[in-house]
Amino acid sequence: MSVNTTKNLGIAWMFVVLMMFSGLAGCLGGDDTSEGDKQVEQKTINIAGSSTVFPVASAWGQAYSEANPEYVVNVAGGGSGAGASKVCSTDSDSVNIGDMSRDWKSSEATKGDDGYTFACESSDVTVTQLIVAIDGLSVVVKKGGAADQCISSMGGLSMAQLRWMYSDWTEADLEADGLIMSSVTPGNDNDGVREWSDLSSGCGDSEIKLWGADSDSGTYEYFGEQVFCKSCFADAEPVSESFDVARGYQNSADDNQIVNGITGDENAIGYFGYAYYEENENVLSVAAIANNDTHGVEDAGGAVTPDTITVADGSYAPLSRYIYMNVNNDDWDLVRSFIEYGFSEAGMEHVMDVGYVALPESMLEEMRARIR
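Numbered per my numbering, the sequence shown finishes at 1283, counting up by one with no gaps.
Everything labelled a hint here was simulated from the structure, so no lab data went into it.
Remember, it's a predicted structure, so these values are computed and weren't measured experimentally.
Heads up, some of the hints might be wrong.
[Stated by the list, open to error] With a cut-off of at most 20 Å between alpha-carbon atoms, the simulated EDC-like pairs for lysine to aspartate or glutamate come out as follows:
id, residue 1, residue 2
1, Lys1054, Glu1192
2, Lys1141, Asp1088
3, Lys954, Asp1244
[Said to hold, decoys possible] FRET-style restraints, in silico, Cβ to Cβ:
id, residue 1, residue 2, range
4, Ala987, Asp1100, 25 to 35 Å
5, Asn1167, Ala1147, 43 to 53 Å
6, Asp1024, Val1194, 21 to 31 Å
7, Asn979, Glu1276, 22 to 32 Å
8, Glu1032, Asp1210, 43 to 53 Å
9, Glu1276, Ala1157, 43 to 53 Å
10, Asn979, Asp1210, 19 to 29 Å
11, Gln953, Glu1148, 31 to 41 Å
12, Asn1167, Gly1212, 33 to 43 Å
13, Glu1276, Glu1032, 53 to 63 Å
14, Glu1272, Glu977, 17 to 27 Å
Backbone N, C-alpha and C fix where the C-beta goes; we use that ideal spot for every residue, glycine too.
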């Protein structure tokens, strides 16, 4: 082989190697997305917190990313407490948006004069609170099971009966605090076990099994504040009232685990956001609730079933509530268009699609005015 032939082969081989490295470099360029011949920088929005807000955040994130491929929206749960701590964090666990199904606690942040800007207690971060939907916290049982038949035969449950079920107070304490036990539990056999038959002679004598949110959840806080002693829940002195763990209160930050627990036990009862009931209405029934803190449903009357109408007009009381996203005010340039999408007509359609009530136009205008 001649020297020139060898030289030409060497040049050709070098050209092939250069082309291979050029192609590999293009494959490794993961921070950019290609839009035709134009390279677009990838942007990531991180959201975490309330499992109640999770369906809204996920629906918004998926639709927004599909319309804006340069954006990736990561949505995680963890509960309202996690949403508050992560949006306030300046460490690696920080997020741009913290989801919450309750308002801020004074131990977490201080409310500003405008009523919607909060200064974090754990850092110098400030956040803007946005209402994203209206939820009706739903009390659920296994469809067609013993608990379902019992509640249906009574026409629902009263707030007083929910308190009797879930409270760690004795029946004597509850009566001293105003419950008319002869009305709340007209079939009570006084055996110390809280049974479905205590509520009505037409119900079975099986013990009531309790399911619900864990203590990091805003849903836990909201249910406790509405159902239990209004000034005694969680941290009152000298006596507080809470969920009866001693009687086997099962809890989880994962609403799907609560669904599984309830569907696996026909004597179980639980609670979570309306969206999760609607998603599982083929296996769950939702209870009508009478807004009465002293009597049973048969004496209270007027039990209301949660749906998009009763939640929106406030007649499903007192278990209707606002749910929130909280934006780190340093991140508006990143999240502004995402939030604007959420408050658009399409964004509100997603709210309704996942089972919540969309904000009325007047409230949408108020939320849009909070965008920086």
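Going down the list of hints, with the structure as the test:
1. Lys1054 <-> Glu1192: Satisfied, since the Cα-Cα distance of roughly 8 Å is no more than 20 Å.
2. Lys1141 <-> Asp1088: holds, 11 Å
3. Lys954 <-> Asp1244: holds, 11 Å
4. Ala987 <-> Asp1100: 25 to 35 Å: The hinted range 25 to 35 Å is violated for Ala987 and Asp1100, with Cβ atoms some 46 Å apart.
5. Asn1167 <-> Ala1147: 43 to 53 Å: violated, 32 Å
6. Asp1024 <-> Val1194: 21 to 31 Å: Check failed, 47 Å falls outside 21 to 31 Å.
7. Asn979 <-> Glu1276: 22 to 32 Å: Distance hint for Asn979, Glu1276 holds at roughly 24 Å.
8. Glu1032 <-> Asp1210: 43 to 53 Å: Because 45 Å falls inside the window, the suggested range holds.
9. Glu1276 <-> Ala1157: 43 to 53 Å: holds, 49 Å
10. Asn979 <-> Asp1210: 19 to 29 Å: At 55 Å between Cβs, range violated.
11. Gln953 <-> Glu1148: 31 to 41 Å: violated, 52 Å
12. Asn1167 <-> Gly1212: 33 to 43 Å: holds, 35 Å
13. Glu1276 <-> Glu1032: 53 to 63 Å: Since the Cβ atoms of Glu1276 and Glu1032 sit about 31 Å apart, the hinted range of 53 to 63 Å is violated.
14. Glu1272 <-> Glu977: 17 to 27 Å: holds, 26 Å
Going down the numbered hints, you'll see the structure goes against 4, 5, 6, 10, 11 and 13, while the others check out.
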